[in-house]
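Line order of the protein sequences matches chains W and L.
Using this note's numbering, you'd call the opening residue of the first sequence number 1 and step up by one each time.
Using this note's numbering, you'd call the opening residue of the second sequence number 1001 and step up by one each time.
Source of the hints: derived by calculation from the structure; they are not laboratory data.
Careful, some of the hints might be misleading.
Stated by the list, open to error - The calculated DSS-like cross-link candidates involving lysine-lysine, where the alpha carbons are at most 25 Å apart (straight line), are:
id, chain 1, residue 1, chain 2, residue 2
1, W, Lys-363, L, Lys-1113
2, L, Lys-1081, L, Lys-1161
3, W, Lys-142, L, Lys-1166
4, W, Lys-313, W, Lys-53
5, W, Lys-142, W, Lys-27
6, W, Lys-341, W, Lys-410
7, L, Lys-1077, W, Lys-123
8, W, Lys-138, L, Lys-1027
9, W, Lys-190, L, Lys-1081
10, W, Lys-142, W, Lys-268
11, W, Lys-422, W, Lys-341
12, L, Lys-1106, L, Lys-1152
13, W, Lys-138, L, Lys-1081
14, W, Lys-155, L, Lys-1027
15, W, Lys-376, W, Lys-341
16, L, Lys-1152, L, Lys-1105
17, W, Lys-341, L, Lys-1161
18, W, Lys-341, L, Lys-1106
19, W, Lys-142, L, Lys-1027
20, L, Lys-1105, W, Lys-341
21, W, Lys-35, W, Lys-190
22, W, Lys-190, L, Lys-1077
23, L, Lys-1166, W, Lys-138
24, W, Lys-235, W, Lys-35
25, W, Lys-235, W, Lys-268
26, W, Lys-123, W, Lys-155
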Amino acid sequence: MPRLVSHPDEVKIISRRFGQGAADIDKYIALDGYKAVQTAIAKGTDWIITEMKASGLRGRGGAGFPTGMKWSFVPKQSERPKYVLVNGDESEPATCKDHVIFLHDPHAVIEGTMIAGLAIGSKMGFIYLRGEYRYLLKIMEKAVADAYAKGFLGKNIFGSGIDFDIVTQTGAGAYEVGEESALMESLEGKRGVPRIKPPFPAVVGLYGGPTVINNAETIASVPHILLMGGDAYAKVGSERNGGTRLFGISGHVVNPGVYELPMGYNLKKAIYEVGGGVTNGRKLKAVVPGGSSTPVLTADEIDVGLDFDQMGKAGTMLGSGGIVVIDDQTCMVEFALRTIKFYQHESCGWCIPCREGTDWLNKTISRVHAGGGVEKDLDNIRYLAENMLGRTFCPLGDAAAMPTIGFIKKFRHEFEDHLNGKPCPYAHTEEPALV
Amino acid sequence: MSTPATTIFSPATAARFDRLVTLYPVKRSALVPMLLYAQDEVGYISDAVVAEIAQRVGIADHDVRSVLSYYSMLRTKPAGKYNVQVCTNISCMLRNGFGILEHCKKRLGIGHKETTPDGLFSLEEVECIGACCWAPAIQVNYDFYDDLTTEKMDQILEDYKAGRGKETV
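Chain L with its partners taken away, still in its complex shape (with noise of 0.2 Å):
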């Protein structure tokens, strides 16, 4: 249970971790945003990503995994750069949630959890991710598209394409 002596994270995320441990009354509350964190950096969560982390919150590997499995932002294999969440849960349904899913899966011509070729995207159906108002609602990594038509998501994956897309880490 200590800060490992070499690390495979930026100097800033493991500056992070080592702080995030100290907020809580056990080290163990850091786990989940840890992991995403991690995620965010690494692209997944690697098995050199569950060795770290384990140690750093002083458990077992296979409990940083019993606990990975568990989350659905949580992945263990790469997606693309930009990963297109497509909410059709109820609110985004009714207002062409999956016209839009099946638009993006035309577009970029990939399925469900699925990267295109050059790694640039990947593809999601997702449950309700809080925009119900402004359906229907994407998310590319933690951005919000919202009041979305066909043509403003063939806009949003140009941007993308061309490096103009919001990038909130």
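With the rest of the complex left out, here is chain W (with noise of 0.2 Å):
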């Protein structure tokens, strides 16, 4: 079971309820649950749509996409019904965010999916969860029933004169069905694999109608966005960066855990008091920031804000806010391998520079890593991973080009420690006892 991690320096919004057992309805009821909905439909569309870009919130998947702008895109008028589709596929290596979303505050998630559901005039939302968080599944479908118990989810929800459905889906082991086209496929009971675009999902997207997808933490933050009001939490953030996300420290630190923290905040300092240092007393070598796919930092370029924009402009990206923190023993070259590993298993295999570059990637990574690599190789991956930058259907290629790129610009000394033959300098022998 997860355990709750808790800071000074954290700002607890999103995970105010974290621990309280607001997984029981009436508990998250008392705890102003339920509230934010029926202020929206109080207040109507525009309103919420108002109060959205106030907030400066922006999407907690990755992409970092004003939400706002997002709802404000779907037409008002649509001759087919409107969707939300709330992705729950939680797959990107580092993050386990979501997990204590739904593990902690689920109606968070069906009252936040409600609330989008009135700001772009849909009547269906569907939540998703990837299928290995079956014992999640099975909280959200309590809560979702719960709710329509209560009356609060189906016909004339609070009295409104509105409907509102709610549907919870699992996937069954993809990674790729975590970008949104690859989601709606699979949530139409195809393969994962994604579509053109544009057409974009909110002009058309799932069965073929206008289609609003959010991660799960961006939509837990709405109802409290609504609850507290726009501008008090952009006032939270930093500069175009409204609020606070949820960050998942993980890897060679000595308090691993899941903290809110408010945008903007100090990576070194999430690293060495929030998270309480390298492990073991070591010291940090790298940091991959973001999840994954976000190419890595070294141990001096981490002092940077925690927002979108400050971490692009230390040539990183914000990501998941998965923080992986890497000890000084660890392998650069083992390490790469093992990403690059992830994303060959993971791609689709619907276009070519991915399903082959990720491939040929990982069959050079592994050659060099192993001690066959000539001086070569160390060229080749670097201009493979960079061809593959914007050239594929979806972000996937990106996401394995990426931290490639940063491995091998980063620490190409460690590659080439590898060549000739040479045996892994940083080899592992005993198993590594974490204090």
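Fit the two chains together into the complex; they arrive one by one in their own frames, and the hints show the way.
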């Protein structure tokens, strides 16, 4: 069971109800639950969109697109039904924030979905969880059933004359399904291969209808934003990056866990103060700052604010908020290899640059790590990865190429250490005791 | 496109499937969940499962097969009663995920995607299971175990062997 952590620097907005039994609907109501949706009904669509835009909330899946703007793109009139689709396919390595949301505050996801539905004029929402999260699916299913039993979902919600239904859905193991168009394909009962864009989902989405797709954390933030007001939420974060987000600190860190920190919080502080520093008193070598697809930072590059813009300026990305701390005993070639092995496994095979690119990167980095590499391999790794960028149907190709470029650029000397049949100089022989 | 006259599933699962296809704008949306629930009951996606589910959603058998081959949790051969899935992705790797995997291989005497002769355990090296902050982590069927050491791992295997393990379906 995921253990809850706490640190004085946290600003608990989304995690306010964690550990308080809010999976129980009555407890959720006692903790201001289902108030935001009633206010939203009373104040109307335009008010919701205005508050969401003011909040500066940007998509928590990793792309960081402003949520209020995304909702405003959905056409008001549509011949086909409109849908809300919540992306809980959380599969980016190092990311486990939605896990704790579904576990501790499932009704916030439901309430956020309802508000998104009101904002775009939709009558139906889907909450898609990855197949591995069966115990969380059961928690979500119970929460939805309880909301129906109270009359919060179904016909005429809160006496508004508006109907709204929610269906929970399970995946069956596929990282690619976290990409929004592949997610729609999967929900339509197909292989999770991406669709070409345009048209964008806001115009032609699920079952051909206009669809808003938001990450589960984004959706769970919505009721809190309406409760505290968009402006107040925006003030918590940094410029153009409203509010807080759940950062998952993992790897070689003393106090790993999911912490809610204000946007713009310093990465170095997040590792040394919130996370308690590197395990076994070792030195820091590198940090993967936002899930496995984000380019690596070296130990002297981490004095940077955790928001979409500052991380962009630092040459990486905020991504999914999964911070991986890597100590000085780690082989970066092995780390790069494990990363590319993942993307090679998860590439859906639909388009060639990704299918072939991830496979050849995996083969080449495997060979280098095994000691069979030649100097030219290192240039080839970079050349191959750079040629994948922007040339694939969906961002999976970029997600594989970007970290690879980062590893070869910043840790080329470690790749060189493996050349000419030299054994891995960082190989572990004993089980590490982490303290 | 209908409820079959005879079913290979238990009455509870059959009733669940009858309802599942009514929840969506199109029946086919129930396909991926149905395959997973069918696997939970039958142990794998057999030809009979494919045939019945194809009929229930109103698509051809080969269409069902094309979907099931995409998803990594779905299998067309039986696994052990307890499928031990060890994550070795980055966050787990840094905290001895590979050590846990090797330990399981030795303890169970089987490799990746293999099953013990008594059919009790199978082993799988899996990609990230979303328990990164509590690494190293594994799943036995759907149940998570985290903050693992080799000692804890031994205890988990012992518990399942003795019929004391968690069993979420």
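**Report entry** Earlier hints that do not hold, by number
**Finding:** 7, 9, 10, 17, 21
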